[in-house]
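Protein chains in written order, with the working numbering: chain A, 0 to 77; chain B, 0 to 77; chain C, 58 to 193; chain D, 58 to 193.
Any given hint could turn out to be false.
To be verified - Label pairs and their in silico Cβ distance ranges:
#1 Asp57(B) - Ser65(D): 50 to 58 Å
#2 Asp145(D) - Glu192(C): 43 to 51 Å
#3 Ala96(D) - Arg182(C): 52 to 60 Å
#4 Thr63(D) - Ala66(C): 47 to 55 Å
#5 Ala79(C) - Asp25(B): 51 to 59 Å
#6 His104(D) - Asp78(C): 46 to 54 Å
#7 Leu101(D) - Glu18(B): 55 to 63 Å
#8 Ser142(C) - Asp65(A): 50 to 58 Å
#9 Val16(B) - Thr63(D): 53 to 61 Å
#10 Asn45(B) - Gly139(C): 41 to 49 Å
#11 Val16(B) - Glu192(C): 39 to 47 Å
#12 Glu12(B) - Asp68(C): 53 to 61 Å
#13 Arg37(B) - Ala66(C): 37 to 45 Å
Stated by the list, open to error - With the C-beta cut set under 8 Å, the calculated list includes, among others, these residues of chain C facing chain B:
#14 Tyr105
#15 Glu110
#16 Ala147
#17 Ala193
As the list claims (entries may be wrong) - To list a few chain C residues with every Cβ distance to chain B over 12 Å, as calculated:
#18 Met58
#19 His64
#20 Ser65
#21 Asn69
#22 Ala71
#23 Glu74
#24 Ala75
#25 Gly89
#26 Gly97
#27 Asp128
#28 Asp140
#29 Ile143
#30 His156
#31 Arg180
#32 Arg191
It is worth saying that the hints were derived from the structure and are not from the lab.
All values reported here derive from a predicted model rather than from experimental measurement.
A virtual CB, placed ideally from N, CA and C, is assigned to each residue, including glycine.
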Amino acid sequence: MSVTVLYFAALREAAGVSEEQLPVPDSLTELYALLRERHGFKHAQNQLRVACNGAFCDWRYVPADDDVIAFIPPVSGG
Amino acid sequence: MSVTVLYFAALREAAGVSEEQLPVPDSLTELYALLRERHGFKHAQNQLRVACNGAFCDWRYVPADDDVIAFIPPVSGG
Amino acid sequence: MQFRITHSAIDNTAWREALCDARCGAYAAFEGWVRNHHAGRPVLGLHYDCYPELAEHEGGRILAEAMTRFDIIDARCIHRVGDCSIGDMAVWVGVSAAHREAAFAACRWVIDEVKARVPIWKRERYADGDSLWREA
Amino acid sequence: MQFRITHSAIDNTAWREALCDARCGAYAAFEGWVRNHHAGRPVLGLHYDCYPELAEHEGGRILAEAMTRFDIIDARCIHRVGDCSIGDMAVWVGVSAAHREAAFAACRWVIDEVKARVPIWKRERYADGDSLWREA
């Protein structure tokens, strides 16, 4: 029973890895708070969007086994 | 003592020639009135712009010997 | 900054290349293509008449004015005249700038001015055999 | 209608060709080029990070939305990721339409949405040795 968390850009640099496996959390908010503390992410949750399985989702989405979660810092393509 | 008048598009079709030599007229307005009558141009003067020697000019410009005059119907490039 | 009238196919690749510049972050382009319909009427092809000397003079003025009105680095335009088939590129406008806002605004302004001011006239040939000088 | 992420140079000629259509009178394109400065600071080059699966999903949604918002015939976009040098094309947007109004409006809207919504991040390398993840 786990989820995969993907990191990009500034979050990847801070985490030092591009992904990690974690136990299925109760909520995305709880998951981000845990990871923010662990890796020292500078972004508050309200600066980020969140995606599940390759599509943006709501922060209220309840994670399930095998989900692939990504926290999305402000983008700067183009 | 003459001017060259160039015709394009609908005016060329109506005149049946692409240019002609004419005596230097007193004014562009007078010149266009003469040619409109001669060739049956459908455009009133206020539908046209006028150019002299490769640049747009004012209808009040006074033609001189060797000038190249063109009456410019509404354009439709692009 | 260059405005040209041509009787042959437009080499848009070469015209675009001429705008490349390390200071530019944005490039906006517009192309007018000969389409197969006008106001609901099928079109077979068209012919552009032009007063080349005046067209290049007026086109050059438009580009010079664009350079002063917008924060752009370069602007170029070429218009084809003579016979054109469906799908042919009739006109190309390219603008380079540091930022996209100015590139888009200038590109749009240039094509609008070219269509309003440059002495080029379009004669459309319709599928029903008729043909007509368009005036604006 | 197609949105792609690529790790190699963008073939803008091929992407433009895909939009050619006899019904279209207007083609508007935008290209983002890697420029040598940002906010007054000399830039040596940049790297784009990306979440490709999400980027292609979100990019596809943007194009589908453009097709419903504007009276256009097709819209395509490709964004390069990885290392880019000054002058490289980072993003290309092309839109075809019967008329230029819609082509310009949709092209502008697509690049604005791509820059706002697609998960791509730019790290600029500055001449002073510093480098930085840009966030919007």
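Cross-check of the supplied hints:
1. Asp57(B) - Ser65(D): 50 to 58 Å: holds, 57 Å
2. Asp145(D) - Glu192(C): 43 to 51 Å: This hint holds: roughly 45 Å between Cβ atoms.
3. Ala96(D) - Arg182(C): 52 to 60 Å: Taking Cβ atoms as reference, Ala96(D) and Arg182(C) lie about 53 Å apart, which means the hint holds.
4. Thr63(D) - Ala66(C): 47 to 55 Å: violated, 29 Å
5. Ala79(C) - Asp25(B): 51 to 59 Å: holds, 57 Å
6. His104(D) - Asp78(C): 46 to 54 Å: Violated - the Cβ-Cβ distance for His104(D) and Asp78(C), about 22 Å, lies outside 46 to 54 Å.
7. Leu101(D) - Glu18(B): 55 to 63 Å: Since Leu101(D) and Glu18(B) have Cβ atoms about 59 Å apart, the given range 55 to 63 Å holds.
8. Ser142(C) - Asp65(A): 50 to 58 Å: holds, 56 Å
9. Val16(B) - Thr63(D): 53 to 61 Å: Since the Cβ atoms of Val16(B) and Thr63(D) sit about 57 Å apart, the hinted range of 53 to 61 Å holds.
10. Asn45(B) - Gly139(C): 41 to 49 Å: Violated, at about 30 Å.
11. Val16(B) - Glu192(C): 39 to 47 Å: For Val16(B) and Glu192(C) the Cβ distance comes to about 20 Å; the hint is violated.
12. Glu12(B) - Asp68(C): 53 to 61 Å: violated, 32 Å
13. Arg37(B) - Ala66(C): 37 to 45 Å: Roughly 39 Å apart at Cβ, these two residues keep to the hinted range, so it holds.
14. Tyr105: holds, 7 Å
15. Glu110: holds, 4 Å
16. Ala147: At 7 Å from the nearest chain B Cβ, Ala147(C) passes the 8 Å test, so the hint holds.
17. Ala193: holds, 4 Å
18. Met58: Answer for Met58(C): holds, closest chain B Cβ roughly 18 Å.
19. His64: Holds: least Cβ distance 14 Å, greater than 12 Å.
20. Ser65: Per Cβ check, Ser65(C) is outside 12 Å of chain B; nearest 17 Å; holds.
21. Asn69: holds, 15 Å
22. Ala71: The assertion about Ala71(C) holds, with a minimum of 21 Å to chain B.
23. Glu74: The claim stands: Glu74(C) keeps its Cβ more than 12 Å from every Cβ of chain B (closest is about 23 Å).
24. Ala75: holds, 21 Å
25. Gly89: At roughly 5 Å from the nearest Cβ of chain B, Gly89(C) sits no farther out than 12 Å, so the non-interface label is violated.
26. Gly97: Fine: 18 Å to the nearest Cβ keeps Gly97(C) off the interface.
27. Asp128: Since the minimum Cβ distance to chain B is about 25 Å, Asp128(C) lies beyond 12 Å and the statement holds.
28. Asp140: holds, 15 Å
29. Ile143: The claim stands: Ile143(C) keeps its Cβ more than 12 Å from every Cβ of chain B (closest is about 16 Å).
30. His156: Answer for His156(C): holds, closest chain B Cβ roughly 26 Å.
31. Arg180: Violated: least Cβ distance 7 Å, not greater than 12 Å.
32. Arg191: violated, 4 Å
In terms of the numbered hints stated before, the structure departs from hints 4, 6, 10, 11, 12, 25, 31 and 32, listed from lowest to highest.
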